[in-house]
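Hey, can you piece these two chains together into the complex? The hints should help.
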Amino acid sequence: MTDPFRKILKPIASVRLTVWLLALSIFLVFAGTWAQIDMGIWSTLKTYFRSFFVMIPLQIFLPRDWNVPGAIPYPGGFVIGGLLMVNLLAAHATRFKFSKARTGILLIHLGLILLLLGEVTTAMLANEANMTIDEGQTVNFTEDIRTVELAVIDPSDPESDRVVVIPARILEKGGLIQDRRLPFEIQVEAYYKNAHLLDRKNVPSNVVMADRGTAVQFAVGAVSRPEASGVKQNQSNMPVAMVSVLDRGQKVGTWMTALYFSLIDQPEFERVEVGGETYWMTLRHKRNYKSYAMKLIDFRHDRYIGTNTPKNYSSQIQLVDPAHNENREALIYMNNPLRYRGETFYQASFKSGDTGTILQVVRNPGWLLPYIACTVGAIGMLLHFGLSLSKFLKKRTAR
Amino acid sequence: MTEATKPSGGKPWLPIVILVLGILYLGSAFRPQSNGTEFDLVGFGRLPVIDQGRVKPLDTYARTSLMVLSNKQTLFMGEGVATSERKHPEGLEKTAAINWLLDVVTRPEQARQYTMMRVDHPDILGLLGVQEERQYFSIAEMVENAEVLGAQFDMVQQTATSEMTGYQRQVLKLSNGFSLYVSLEGLMGWLVVPPSDGSENWLTLQAASHAGHDHASGDHTTPAGTFEYDYQVALRSAFDAYALNDPTRFNAAVASCTSLLETTGYPTLGKHSFESYFNHVAPFVRTMALYVLVFVLAAFSWLGMSRPLARAALWVLILAVIMHTFGLTARTWVQGRPPVTNLYSSAIFVGWGASLLGMFLERMFRSGIGAATAASMGFLTLLVAHHLSLSGDTMTMMQAVLDTNFWLATHVTVITLGYSATYLAGFLGIIFILRGVLTKSVSFDEGKNLSRMIYGIVAFATLFSFVGTILGGIWADQSWGRFWGWDPKENGALLIVLWNALVLHARWGGLVRQRGIASLAVAGNIITSWSWFGTNMLGVGLHAYGFIDSAVFWMAVFVTSQLAIIGIGSLPMRFWRSPVFEKPRREATTV
Chain A
0 MTDPFRKILK
10 PIASVRLTVW
20 LLALSIFLVF
30 AGTWAQIDMG
40 IWSTLKTYFR
50 SFFVMIPLQI
60 FLPRDWNVPG
70 AIPYPGGFVI
80 GGLLMVNLLA
90 AHATRFKFSK
100 ARTGILLIHL
110 GLILLLLGEV
120 TTAMLANEAN
130 MTIDEGQTVN
140 FTEDIRTVEL
150 AVIDPSDPES
160 DRVVVIPARI
170 LEKGGLIQDR
180 RLPFEIQVEA
190 YYKNAHLLDR
200 KNVPSNVVMA
210 DRGTAVQFAV
220 GAVSRPEASG
230 VKQNQSNMPV
240 AMVSVLDRGQ
250 KVGTWMTALY
260 FSLIDQPEFE
270 RVEVGGETYW
280 MTLRHKRNYK
290 SYAMKLIDFR
300 HDRYIGTNTP
310 KNYSSQIQLV
320 DPAHNENREA
330 LIYMNNPLRY
340 RGETFYQASF
350 KSGDTGTILQ
360 VVRNPGWLLP
370 YIACTVGAIG
380 MLLHFGLSLS
390 KFLKKRTAR
Chain B
0 MTEATKPSGG
10 KPWLPIVILV
20 LGILYLGSAF
30 RPQSNGTEFD
40 LVGFGRLPVI
50 DQGRVKPLDT
60 YARTSLMVLS
70 NKQTLFMGEG
80 VATSERKHPE
90 GLEKTAAINW
100 LLDVVTRPEQ
110 ARQYTMMRVD
120 HPDILGLLGV
130 QEERQYFSIA
140 EMVENAEVLG
150 AQFDMVQQTA
160 TSEMTGYQRQ
170 VLKLSNGFSL
180 YVSLEGLMGW
190 LVVPPSDGSE
200 NWLTLQAASH
210 AGHDHASGDH
220 TTPAGTFEYD
230 YQVALRSAFD
240 AYALNDPTRF
250 NAAVASCTSL
260 LETTGYPTLG
270 KHSFESYFNH
280 VAPFVRTMAL
290 YVLVFVLAAF
300 SWLGMSRPLA
310 RAALWVLILA
320 VIMHTFGLTA
330 RTWVQGRPPV
340 TNLYSSAIFV
350 GWGASLLGMF
360 LERMFRSGIG
370 AATAASMGFL
380 TLLVAHHLSL
390 SGDTMTMMQA
400 VLDTNFWLAT
410 HVTVITLGYS
420 ATYLAGFLGI
430 IFILRGVLTK
440 SVSFDEGKNL
450 SRMIYGIVAF
460 ATLFSFVGTI
470 LGGIWADQSW
480 GRFWGWDPKE
490 NGALLIVLWN
500 ALVLHARWGG
510 LVRQRGIASL
520 AVAGNIITSW
530 SWFGTNMLGV
540 GLHAYGFIDS
550 AVFWMAVFVT
560 SQLAIIGIGS
570 LPMRFWRSPV
580 FEKPRREATT
590 V
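Going down the list, the protein sequences come from chains A and B.
Numbering of the first sequence is given in numbering that gives the first Met the number 0, commencing with residue 0 and proceeding in unit increments.
Numbering of the second sequence is given in numbering that gives the first Met the number 0, commencing with residue 0 and proceeding in unit increments.
The following block holds chain B by itself, in its conformation from the complex (with noise of 0.2 Å):
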């Protein structure tokens, strides 16, 4: 008899207790926003600035900036002081972004002494005279080192980036990043006016105050009295108010702003404060804690309390998938697009396909395999998403050639299925070596169905990503006139199907068995890993900088990983502690 079957019906309230501690988890990331202050930080962050060819909510913008900049989406403010290190005086509170962007604008001086530019590299820590242990500086902090930083920043722009070293990149990261903060402070200047007439024709505020006497020099004159005119006074007003730190002032202002909005009938208003509060929901943080607490659960129920800790993983396991899918589903309203857009999203959508297909083996099983299996994979590409955000906004926007609902709609998201049914069946080969050769938890019986589970997942791998690749031949043809180019990115698609048609394969002629087949899965998760993030790594893509020297170290870690769990399920079946290979005989038992 195998654990998993014993009779253990005690103890049938500790998956509810789970569940229902998951959903107040979940339940508090939904409580409303709040200023933290008397100013309507709220109201002003829903207003729209245009970014990158985005429009977006101030919010978004500040989060996102701020981000770049520091790594963080807050930072510890107090009276004139703001600071991101950790280890911080006291008296300073955790404060929205969206406040640290009204004092860079309206206090520039006080702003430029916060503490909240990251650097890292230590040669570039060298440069700046730093010999005690910090990671945050002030832009004050930089200006005195000018004219080091400045002949520094002038050589890497002269640099093309795939010549760059590691210094250099993080060099350059720096100088885009102190050019960032240069128009943060300018933010007067940005398209910050939306247009009355539904057109393209953002203002910014200068342009925006030309009265209706200088009709002569073109179209971008304004009359007072109109929409233009009143927003951007309205604005200013807010603006000044905060300068002045006169919260009633600024709370008019803002609230003029939004009855102005609402009175033109400006289109995406309430997209602004949905994404807002989005951001402040932040779903993925929370769905990545539910994962940690599901693989827990899961990897606890092998050791003992199967029946209730595997219903409990499973319970919390959908509640991650809900949120997860919430996540998702508001990214792709909010961007008016199909999930996938960019790298980002791919790591976010192969996370939900993973632990969506987890979900599924799981209530089939009920073994804790599925949701241990969901869970690190939800949780892994949820941090690999996090680290791609580190680079700005999450929704850009795409170049023309992508520029097309109905492809990225079925090749994008049909190939990032197939990327998470791949990897999941390699995490289930994980979990078959490990396990097997670690513990003595894996029966005969269950080393069978996880093979089973395995080669299902591998089938339906190999279906998305044959379907995915093949659609992307199509649109190629569609806009190229070639259905196949052998490109670098078309390749890795192409890889994927081969490796899974190779152990489907290999499993039909009988050439591997049941580790045969989960070390080849894992296998798969080193192909899947190159197709995805590889391919992109060869050329050093033009928005990867930044992130490429850290994802090529990671994805070496991840390969040794993966080839090191392979040699591990190679070793003779003697060191296997699970009896993985040895049938029951059930017949002797009855004799």
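Here chain A stands alone, though its shape is the one from the complex (with noise of 0.2 Å):
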């Protein structure tokens, strides 16, 4: 390595910066777990870690009902992951020599490398999604359940409905949405990231109405509220878009289409009539369709004598992928996921009255990563610090 390379390097691999970039991310996870008193978890997880830059409002660390405003500018988990990288990196080009002593160190860094590579990769490619099976039911969809999508159906073909979907961050753009595979156009009046719904009286004048539809049967409107809390695990974000669909530039209506419609036991759709055609439209959890499809043939409950406390659950499901020649039962229960073609299946929930199972869908093509990583890094730590210690003991032996 040439001298005015070093130079470089020598303050980008300093100790000094490692230690300022530790007591970054410190504060940076501190402020990360504070604001899922307010945020959801994946918001917190977007804003915070896998960001560039945040600004950390200073009302996260107080009590709520202070109203302190202000923000700290600060710099988001990826540049201090990042930095955090090019320093470690920096330094072992530098300084390090290779040498035995320095084995576990070296060891280490690298399972800590590959942790962050393990991390990124996560957020690059991996994703997550639910698959909800009724006892019996057969089901070849799951769905993210961070995100909805407008679908509008065209029932009028008996062999299989054509389905058009809307994605979230259309709705959430607002305005006109003209397609020509839409048999009508949509104005998106109004869309909540989550939503109350409530009774029409006590619904605030200037808030959208809907005059069709479910919401005018029910006798209910909507207004915005705060997404649901990271802290509070059984909450979820309920949203809500206020429709009007328009037939050539003709207000056909105003439509509520909500989550919450949808995830009901009897999903409640919303009835168009266009054109002299039924269509349906309904907010739903975005869908993403499968080659297989999952049948669930039992769902258990335990609980401990006497009590409702969760002992555990476990589904047996038939697993039916007539392209890849499969066709087996599999159980699913705590701990105990199935794998299948790059995608695990973990036992997540259940519905009411144990008449369904909730299963967790994940494909994460870096899995495997941080297994290596720590196992690394576990295997440097003992070589380090048990070469530290045996040198120690061996001091105080010989004086």
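Calculated directly from the structure, the hints in this document are not laboratory data.
C-beta: ideal position from N, C-alpha, C; glycine also.
Check each hint, because a few of them may be wrong.
[Said to hold, decoys possible] Okay, derived cross-link-like pairs now, EDC-like style, lysine to aspartate or glutamate, Cα gap no bigger than 16 Å in a straight line: (1) A:Lys294 to A:Glu267; (2) A:Lys310 to B:Glu199; (3) A:Lys45 to B:Asp486.
[To be verified] Simulated coverage check for chain B against chain A, where a stretch passes if three residues somewhere in it have a Cβ under 8 Å from a Cβ of chain A: (4) 50-62; (5) 316-323; (6) 459-470; (7) 484-497.
So, in structure tokens, the structure goes:
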């Protein structure tokens, strides 16, 4: 290595920088934990950890009724993690020489690099979805419970429905949606990431109301509310889209499409009549159709004697994949997932009354990385600290 | 020359005397259980009951119930009266909870007059119209105020726990206590009759008494002459005999219950006997007392008579660790689980890990420092555990996700040892700073030794918290399909790893020296406490109310105290009374 090169690397490789970066990352993790009181875990992840820059509101560290304005501009997880990686690599390039005593440190740092890479791979490539199956039902799609889509269904073909879906990000933008695949135009009047359904009488007058469909039938309206918190695990966002249907520019009516309506036991669809044809609309979790299907044969929910505390959940399922000649039964239970074609199925939850199961379906191509990383890192630590300890003990006995 | 190296061979008998006293004190805990009355309460207390999904001896059930209601495991009883009030009328004797439970079940009218419901909140006392200074009330008094209290109970039932004020939490606690009491009175309606076939079909007295002529109604029928029927008859007879104050019949009934259990091969009777004995020994109470003694001995060893006092401190510490280990192992065996299953057991384990590490430090350095830190850590964590135990049974069953011995044994114990080590380093830091600033007792060499100890323990802490956190990630990957989810508990663990890494790098880079590393280690206490308890407070956990209000308060006190110590540690060197920073000029003396 040439000297000017070293000169440039030296400040980047300094331990002082490492310490500062560690301190920065500690505060980021700390803030990202407090933020979860108000923010969903997924939003926190995107704002704090998988981001380049974040404004940390002072409010998150204080009681919520104090109302303190102001925020600290702060580097996000990608920046701090990236700098740590650069710092580490630079340190190895300039300072460290390979020696037996250094092997431990080298392995620890290699483990850390792999861990960071694993997290980046997960951030980029992994996706999580849910699969909800009632007992006896067969399901061939997964649902992304973090996002919704507005499905417009044309049931005119008796063989199969024609479905056009509008993703949440388009609904969020608002405005007029025109597409030749849609049988009509849709004007988004309002979109709430998390909404509270309430009696029509109690809806403030300046809020858009539906004049057709389920909302009218049930006499409910919707108002926006803060996103669900990550700390309270059983809460999730309940989006609502207020949409007007236009038939060649002519307003047909305004519907309230709500995720809530698609989740109740007998899901409600919005019936739209345009040009003599009947269509259905529904705001539902984003679906992803699969080549295989799963049938729930039996769901079991064992409890501790004399209580309602769950002891174990398990789902006996039948996996059918004609394209790959698979047809078999499998038992999925706590800490015992099913791995199939790059996806892993976990027992995540169940429907009330134990009538169905909710599986978490995860695809993470980098899932093996952390395992390798921690093996390498742990060996490194044992080696390094073991060596130091034995050296220390030898010194003491020699004295 | 420092005091530690002063020849002080005098009084070699002192540590031996202290050790013998310690052994006697410990040994006395293992005295056999006694009834205290003519009734065979010990035998009765071993009989099983199902509560919160766990089969436990009635003795435990009685103790934990009384604990929830009055914060104590015993009360003062006399003829027809009982109270938890420390200032009680003469003639009342300290009595075991099982006695009280029997009164509650068999003499409900009388037991409702016992003053044992603890009420602390001034506003609730106001509701009850109490002006004099008292803490304990009877159920009868509560019932007199049924209208006022009932309205409050209804209102808290409609409030989400996360939205509750301190007053509302106390009302909820009282309301829960009240329901607990009602369910105690109905103990006969509980699952108290074990199945003879090894299944999980426990029966109530009522169900077990249905003789064989009712086959059509289902499988919960028991023909006369079967185990279930006979056991039910014997147990009822015990209750009746107690109500009629007939010890002979009571003891006979208890004996026949026991022999019925033995002859059917009821598998856990031995375990119940042991658990009841374990409750009686109360090992952690004795351990706490020993830790206090260790700390006092170690602290005095810094003032004079260093050698014998430090030696005594180490010996008593070994005794305390033995007792602590006994308590931990006994719980593990009774529960059939790895040692850490809930917050309570984590407190026990953190203290155990720290005092074990401290014991080794003391053996290596023999300066009283390892002993003092071990003792203060052990004492404080057991104190925390005691307060956690006020909310009920400490061997609760686990939620389904946690129900895996493999991960509990690996991830949870390793990460908890990481907490132990991080705290231990922090407590060594406290000793370094406080002794260094306030006393003249830390020499340059001793300061160097102390900071070396801190460094070693931080390295140990890094290893354990890193491996523990990673194991947690693997568990999460196995059960939810994600290695890392950035949720509060995971972040808490990560913070400890990052902090320890920061301390090590700061030292390697020469950014901090002796007192710097001490101050950083003290800050580690704050981070560990936040990860251990703070993350639970964020969401106001499901099982945490009641405890959580005071926990937030004590957390704030602890954090403030640690910041104050760091502040003291940052005082300019001229304020330090100990010569920690002055290298002694050895050459000068030889010239």
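Now the hints, each set against the structure:
1. Restraint check: the Cα-Cα separation between lysine 294 (chain A) and glutamate 267 (chain A) comes to about 24 Å, which exceeds 16 Å; the hinted pair is violated.
2. Between lysine 310 (chain A) and glutamate 199 (chain B) the CA atoms are separated by roughly 13 Å; this keeps the pair inside 16 Å, and the hint holds.
3. Taking the CA atoms of lysine 45 (chain A) and aspartate 486 (chain B), the gap is near 13 Å; set against the 16 Å cutoff, the hint holds.
4. With 5 residues having a beta carbon nearer than 8 Å to a beta carbon of chain A, the segment 50-62 of chain B meets the requirement of three or more and the stated coverage holds.
5. With a cut-off of 8 Å between beta carbons, the segment 316-323 of chain B has 0 residues touching chain A; three or more are needed, and the interface restraint is violated.
6. Coverage of the segment 459-470 of chain B by chain A holds. Counting CB-CB distances below 8 Å, 7 residues qualify, and the rule asks for three or more.
7. Coverage of the segment 484-497 of chain B by chain A holds in this model, with 9 residues showing a Cβ closer than 8 Å to a Cβ of that chain against a need of three.
Consistency with the previously given hints fails for numbers 1 and 5, ordered from lowest to highest.
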